[in-house]
Amino acid sequence: MKSRAKYYFLMPGVIWVLLFTLFPLVYSLYLSMTDFRMGRDPSFIGLQNYAEILGLDGGGGDTKALETAGFTLFIVLGSTALTLFLGTFMAWIFNHDLPFLREMRAVITMPLFAAPVAVGFLGVVIFNETNGPINNIFQGLGMGRVNWFIEPWPARFAIMITDVWQWAPFVFIVVLAAMQGIPDDLYESARLDTKSNWVLFRKITLPMIAPALGTVFLLRLVETIKILDIPTTLTRGGPGSVTQSYAFYIREVGLRGSFQLGDASALSYLVLIVAIIISSIYFWRMRARYE
Amino acid sequence: MSTVAKMSNPSSQTMVAEAGKKRPFRWGRAVLLILALFWTFIAIAPFLFALTTSFKTQLDSIDGTVIPWLQYQPTTLNWQQEFGSGGAETFKTLRSSALISLGATLLATFLGTLAGYGLARFKYGIGNANLVSWFLSQRFLPPIATVIPFVLLFRDLKLLDTLHGMIMVNTTFTLPFAVLIMRDYFADFPSELRDAALVDGASEFVTFWRVALPLATPALVASAIICFAFSWNEYLFASILTNRDWKPYPMMVAGTDSVRGIMFNFVSTRMIIAVALPVLLSLLVQRYIVRGLTFGAVKG
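The listed protein sequences correspond, in order, to chains R and S. Each residue of the first sequence is one higher than the one before, counting from 1 in our numbering. Each residue of the second sequence is one higher than the one before, counting from 1 in our numbering.
Simulated from the structure, these hints should not be mistaken for lab results. Some hints here could point you the wrong way.
Computed list of lysine-lysine pairs in DSSO-like fashion (alpha-carbon distance at most 27 Å, straight line) [stated by the list, open to error]: (1) S:K92 with S:K299; (2) R:K203 with S:K299; (3) S:K299 with S:K123; (4) R:K6 with S:K247; (5) S:K158 with S:K92.
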């Protein structure tokens with residue numbers, strides 16, 4: 001009886017994941033090996049879609065895929081680095097005895113719970129070129145106005161800044177929790193040797209928060225690879241297509257225009273491989289914790 | 001809450017003592033406080049700016065002013081428009097959002113609580129860590145990679161633009177949160193309670209139902225709120241799998257400018273409506289955010 005009961009707890013969830021996570025993935029793998037378009041019967045073409053995207057068929061490859069992957073990589077690296085740096089720095093500040101700490105922390109985590117679609121529009125209002133607050137501040141500082149939505153690099157940075165604004169709080173609360181878990185006597189004995197805050201941070205805080213940093217680093221990576229909602233509403237992928245992310249491009253290929261579902265599935269599988277590699281590293285690190 | 005209090009109280013006392021002894025100047029702390037306040041401001045300022053813009057006329061909305069009455073005459077016109085004359089669509093999409101999110105929350109929390117309890121209490125032959133990664137995998141996959149099979153599947157099963165279709169999708173996305181939050185909670189649970197109940201002759205299910213579940217109410221609430229917020233904010237699948245009948249509110253937000261060009265006052269109004277509920281709910285689950293969003297990997 002007891003031995004069977006434990007499976008009853010687990011089964012509904014396992015079946016759910018099987019149906020709604022695993023099955024779509026397998027289906028998608030099959031689609032990626034067809035020339036399926038909406039309204040046309042698919043025929044199996046093996047790895048041809050992949051060959052075309054990667055340029056292994058003698059063609060030039062899918063340059064648009066390469067461009068959007070490049071932009072996505074720019075956002076992933078830039079945003080992950082900035083959120084980790086800012087989040088850790090702010091956590092260090094909040095790890096002191098400050099008044100209203102809990103209240104400020106609650107306010108700072110608010111962006112995490114805002115819909116990314118809405119956050120994109122928030123960016124539209126904030127980055128507004130003629131009289132938005134950011135350009136007004138820039139002008140006040142004598143730096144002139146920035147054409148956020150007309151010029152490619154400002155547009156790319158607008159996306160990155162918006163993403164950092166939303167996600168730095170995530171790094172912040174996680175790292176702060178890790179810092180608060182460091183026993184005080186570690187600091188006390190170290191203070192006998194040094195008075196430098198920087199040395200204390202490097203010799204004690206940093207090694208102690210390293211596991212948490214590793215975890216948020218991997219979570220930020222997989223999360224940012226998905227980026228789609230913010231470019232959708234903030235820049236609509238423009239100017240031209242410079243702020244189209246890879247996910248944005250997959251949607252353009254598979255779910256707009258000629259609905260090339262086969263090609264889009266192949267593009268999806270390429271990003272899936274990246275996501276699977278990152279998540280494997282994550283699970284490998286986390287095994288003991290989840291056992 | 002208790003963890004934070006436990007952690008910060010002793011440390012803060014030593015810090016104060018330390019600062020008093022070793023650093024006669026207090027301005028170091030003042031600088032830290034200013035930086036902390038500055039970031040708090042950065043986090044909330046865009047929301048406040050949108051809020052103030054939502055009370056402007058279209059003409060005022062591009063003039064860069066921020067203080068009502070002093071700098072501009074506030075108006076509730078946008079809000080009247082969103083909920084009054086043009087309110088039918090607003091109420092309909094908000095209702096869809098609420099029903100989809102509630103349905104997904106209930107289902108995900110139900111499945112997640114069972115699985116979480118199982119993972120915390122029993123050892124499975126396949127390996128509990130493997131099972132956790134099985135549940136977590138959804139959260140690591142780019143949603144764009146599964147949207148196409150969902151479109152085809154939903155088309156064949158006649159689930160496009162239906163309530164239960166959207167509930168299924170959002171349950172799938174939020175299940176990892178529910179499983180991991182509940183597993184984490186039950187794992188910290190004193191196992192004596194369960195053993196005592198089992199010795200008394202109760203079955204595993206009765207023990208779960210009568211002993212473990214009532215004590216897990218805080219985690220249930222946290223899990224439900226996090227699932228609700230993420231369902232409420234979901235846009236990609238909604239934009240592809242719904243059309244007229246079950247379009248949730250984020251689609252209204254995304255569609256704002258295609259209808260009338262970008263009107264900052266109107267965009268801001270919808271923005272505030274879209275973010276208000278999950279942001280306010282998040283204030284209730286502060287102590288679970290760290291564990292919840294890192295899937296129990298970091299104790300908060």
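**Prompt:** Checked against the structure, which of the hints given earlier come out wrong?
**Reply:** 1, 4
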